[in-house]
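> Following the hints, complete the assembly by docking chain B onto the known chain A.
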Amino acid sequence: MPTSALRTSQVAPPSRLAAEDVSSGYGGKVIVRDVTLTVPDAALTVLIGPNGCGKSTLLKTMARVLPASAGQVLLDGRPVHDTPTRNVAKRMALLPQGPTAPEGLRVRELVAQGRFPHQSLMRQWSREDARAVEAAMEAADVAQFAGRPVSELSGGQRQRCWVAMVLAQETDIILLDEPTTFLDLKVQVELMKLLRRIAHEDGRTLVVVLHELNVAAAFADLLVMMKDGRLVSQGPVETAFTAEALAEVFGLEASVVADPVSGRPVCVPIVAPSLAVAAQ
Amino acid sequence: MSVAALPRGSLFAWAVPVAGVAALLLAFGWHISVGAKTIPLGTVMEALVAYDATNFDHVVIVDLRLPRALFAVLVGAALSVAGALMQGVTRNPLAEPGILGLLIGASFAVVVFVGVFDLAPPALIPLVAAIGALAAAVTVWGISTAAPGGATPLTLVLAGAAITAFLGALITAANLLDEETFEELRVWLTGSLAGRRLDVLPWALPWLAAGLVIAFGAARQVTALAMGEETAVGLGMNVGRLKALVLVSVIALTAASVAIAGPMGFVGLVVPHAVRLFVGQDYRLVVPWSALAGAAYLLVVDIAARMALAPVEISTGLVTALLGAPIFVWLIRARL
Numbered sequence: 000m001p002t003s004a005l006r007t008s009q010v011a012p013p014s015r016l017a018a019e020d021v022s023s024g025y026g027g028k029v030i031v032r033d034v035t036l037t038v039p040d041a042a043l044t045v046l047i048g049p050n051g052c053g054k055s056t057l058l059k060t061m062a063r064v065l066p067a068s069a070g071q072v073l074l075d076g077r078p079v080h081d082t083p084t085r086n087v088a089k090r091m092a093l094l095p096q097g098p099t100a101p102e103g104l105r106v107r108e109l110v111a112q113g114r115f116p117h118q119s120l121m122r123q124w125s126r127e128d129a130r131a132v133e134a135a136m137e138a139a140d141v142a143q144f145a146g147r148p149v150s151e152l153s154g155g156q157r158q159r160c161w162v163a164m165v166l167a168q169e170t171d172i173i174l175l176d177e178p179t180t181f182l183d184l185k186v187q188v189e190l191m192k193l194l195r196r197i198a199h200e201d202g203r204t205l206v207v208v209l210h211e212l213n214v215a216a217a218f219a220d221l222l223v224m225m226k227d228g229r230l231v232s233q234g235p236v237e238t239a240f241t242a243e244a245l246a247e248v249f250g251l252e253a254s255v256v257a258d259p260v261s262g263r264p265v266c267v268p269i270v271a272p273s274l275a276v277a278a279q
Numbered sequence: 000m001s002v003a004a005l006p007r008g009s010l011f012a013w014a015v016p017v018a019g020v021a022a023l024l025l026a027f028g029w030h031i032s033v034g035a036k037t038i039p040l041g042t043v044m045e046a047l048v049a050y051d052a053t054n055f056d057h058v059v060i061v062d063l064r065l066p067r068a069l070f071a072v073l074v075g076a077a078l079s080v081a082g083a084l085m086q087g088v089t090r091n092p093l094a095e096p097g098i099l100g101l102l103i104g105a106s107f108a109v110v111v112f113v114g115v116f117d118l119a120p121p122a123l124i125p126l127v128a129a130i131g132a133l134a135a136a137v138t139v140w141g142i143s144t145a146a147p148g149g150a151t152p153l154t155l156v157l158a159g160a161a162i163t164a165f166l167g168a169l170i171t172a173a174n175l176l177d178e179e180t181f182e183e184l185r186v187w188l189t190g191s192l193a194g195r196r197l198d199v200l201p202w203a204l205p206w207l208a209a210g211l212v213i214a215f216g217a218a219r220q221v222t223a224l225a226m227g228e229e230t231a232v233g234l235g236m237n238v239g240r241l242k243a244l245v246l247v248s249v250i251a252l253t254a255a256s257v258a259i260a261g262p263m264g265f266v267g268l269v270v271p272h273a274v275r276l277f278v279g280q281d282y283r284l285v286v287p288w289s290a291l292a293g294a295a296y297l298l299v300v301d302i303a304a305r306m307a308l309a310p311v312e313i314s315t316g317l318v319t320a321l322l323g324a325p326i327f328v329w330l331i332r333a334r335l
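The listed protein sequences correspond, in order, to chains A and B. Just so it is clear: in the first sequence, position 56 is 55 by numbering that gives the first Met the number 0, and no numbers are missing. Just so it is clear: in the second sequence, position 71 is 70 by numbering that gives the first Met the number 0, and no numbers are missing.
Okay, chain A solo, but in the shape it has when bound:
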């Protein structure tokens, strides 16, 4: 898959995953309202928005963890909620927010769970599964921890193990719910580099919910902003990540400047110098 697909064919990028007028929520409470989103193939799509804006709810609805109260999510043209769940799992993987592994589980055992949809009572562990698990651990750079308990690793290493698990599922589409939360900035950047590589080099489609604005701006191919359950704007970072958009969506007064190295936009909150400092 060429990585420039998004830029060259802006009108109708090829897409296997789309939300059509989706509303959803918990119990009777509607959180996401009438969201329509076409996820470009082989690209890194990032969902951002203030807390409670519905970005995670939208992701969970696309992943069929939550039902859609209205509208539908289409995977390869078929409603994902009506497709046999194992069949979906062979094409689309999900890394939930803040996953926890059972005490004592080893890294290789965790990654091996990614093979679940490819196995059955009749067809248990195969050579193909072993190859996929090794390849996934290699790609996520956790092979050196294979025999260690997941709980012994640092936050960033642990998160890479979970990424390896969804990689072992070998799906073209991967959804990740706030994979960088609670990680140091350096570790966040490393994880996002890994995700970008997966999208651009392996041609997989990634949808990631993020919290950190500048990390989103640095890595997104398509940036989607949500507020109060609605989709406010979407587009390439250059056009979507503007001071106006940040003010509207986050209520954040910020200057958006170009990063001198990559040329991508970066936001800097506008803070007037404190009076005490100004007086000196």
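Possibly wrong hints are sitting among the right ones.
[Claimed, not checked] With a Cα cut of at most 35 Å, we get these calculated DSBU-like pairs of lysine-lysine: (1) LYS192(A) x LYS226(A); (2) LYS28(A) x LYS226(A); (3) LYS242(B) x LYS89(A); (4) LYS89(A) x LYS192(A); (5) LYS28(A) x LYS242(B); (6) LYS89(A) x LYS185(A).
[Said to hold, decoys possible] Not the full set, but computed from the structure, chain B residues with beta-carbon under 10 Å of chain A: (7) GLY87; (8) ARG219; (9) ALA223; (10) GLN280; (11) VAL299; (12) ALA303; (13) MET306; (14) ALA307; (15) ALA333.
In short, the hints are calculated from the structure, not lab data. Given the structure is predicted, the values throughout are model-derived calculations rather than measurements. Glycine included, C-beta positions come from ideal geometry on N, C-alpha and C.
Frame of chain A, contents of chain B only:
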């Protein structure tokens, strides 16, 4: 070590299960040989292979000791597998038929049934126990989901404790009101393998078999569910169906063991945790090893129950509780 981590056909892969089964058989033979009169292992083998009705030792072995050993094997395996499944599905290290109130629910139902109908048909006892266990499970689940914060490991355990205290009090009250009927149930209610329920055994076996078959079949999915519900959905699992299946299995296993031996506490807590230390978190290994280790564990506990204060015999359930309570405390400190 998981199955995945072991090279195929390695010596370890088959030698360990063989050694496990051998250890179980040894415990089984030892259990039969121990008693008021110690019978040599050779005679035990002889009685099982070439039974001689005129040999008094053979009669003792086959009529008295063999059923008791079988009870220990069946109840130990059933409760351990039930505990393992409950811990995996609820992601609660303290989940177990006893702690979550299923044993007392099943026992209470049996007590009422036997108390009301003087000639309670043994065929119905496992069914009555299953209804009691299910009612208790639903009640405990209901109480803990209604609690602020929902069904956490802590609220589940507290709800189980409440049900256990409540039904325990009712059983004691009934006991005081009608001592005659309860004379027979008194020992059973402490968890006993002393063999009064031989008539129930054939009726408990189908429940036990069904529970074990479901448990073995669902093991792979329980491993994946232990990663969390959203992860399991992402992996393509039908979580609702799996939970229903596991509930059926746990209820059947609990009902069968209560029908045979009364409420045998803590077996389902101790054994799966010990097994996980050795085989890891893969339930395709945890479930069969829990069955094997649970059977061996209860055999050894029952030997201790008969030997500790010989010739006086302690109820087996009391010994499992004596061993289980400290482990329970350790788990609260280490895991909750």
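> Take the hints in turn and mark each one as holding or not.
Hints and how they fare:
1. Between the alpha carbons of LYS192(A) and LYS226(A) the distance comes to roughly 27 Å, so the proposed pair stays at or under 35 Å and holds.
2. Taking the CA atoms of LYS28(A) and LYS226(A), the gap is about 16 Å. The hint holds against a cut of 35 Å.
3. Restraint check for LYS242(B) and LYS89(A): satisfied, since their Cα atoms lie roughly 22 Å apart, inside the 35 Å limit.
4. Between the alpha carbons of LYS89(A) and LYS192(A) the distance comes to roughly 25 Å, so the proposed pair stays at or under 35 Å and holds.
5. Under the criterion of a C-alpha separation no larger than 35 Å, the hint pairing LYS28(A) with LYS242(B) is consistent with the structure, at around 26 Å.
6. Distance hint between LYS89(A) and LYS185(A) is fulfilled; the C-alpha atoms sit about 32 Å from each other, no more than 35 Å.
7. With its C-beta approaching chain A no nearer than about 8 Å, GLY87(B) sits inside the 10 Å limit, and its interface hint holds.
8. For ARG219(B), the interface hint holds, the least distance from its beta-carbon to any beta-carbon of chain A being 7 Å, beneath 10 Å.
9. For ALA223(B), the shortest C-beta to C-beta distance to chain A is roughly 5 Å, which falls under 10 Å, so the interface hint holds.
10. The interface hint given for GLN280(B) is met, as the beta carbon of that residue sits about 5 Å from the closest beta carbon of chain A, less than 10 Å.
11. Hint on VAL299(B) is violated. Least Cβ distance to chain A is approximately 25 Å, over the 10 Å limit.
12. Taking 10 Å as the C-beta cut-off, the interface hint given for ALA303(B) is violated, the closest approach to chain A being about 29 Å.
13. The beta carbon of MET306(B) is not positioned within 10 Å of any beta carbon in chain A (closest approach about 34 Å), and the interface hint is therefore violated.
14. Among the interface hints, the one on ALA307(B) is violated; its C-beta lies about 33 Å from the nearest C-beta in chain A, farther than the 10 Å criterion.
15. Below 10 Å, beta-carbon pairs count as interface contacts, and ALA333(B) has one with chain A at about 9 Å; its hint therefore holds.
In the structure shown, a violation is registered for the earlier hints numbered 11, 12, 13, 14, in ascending order.
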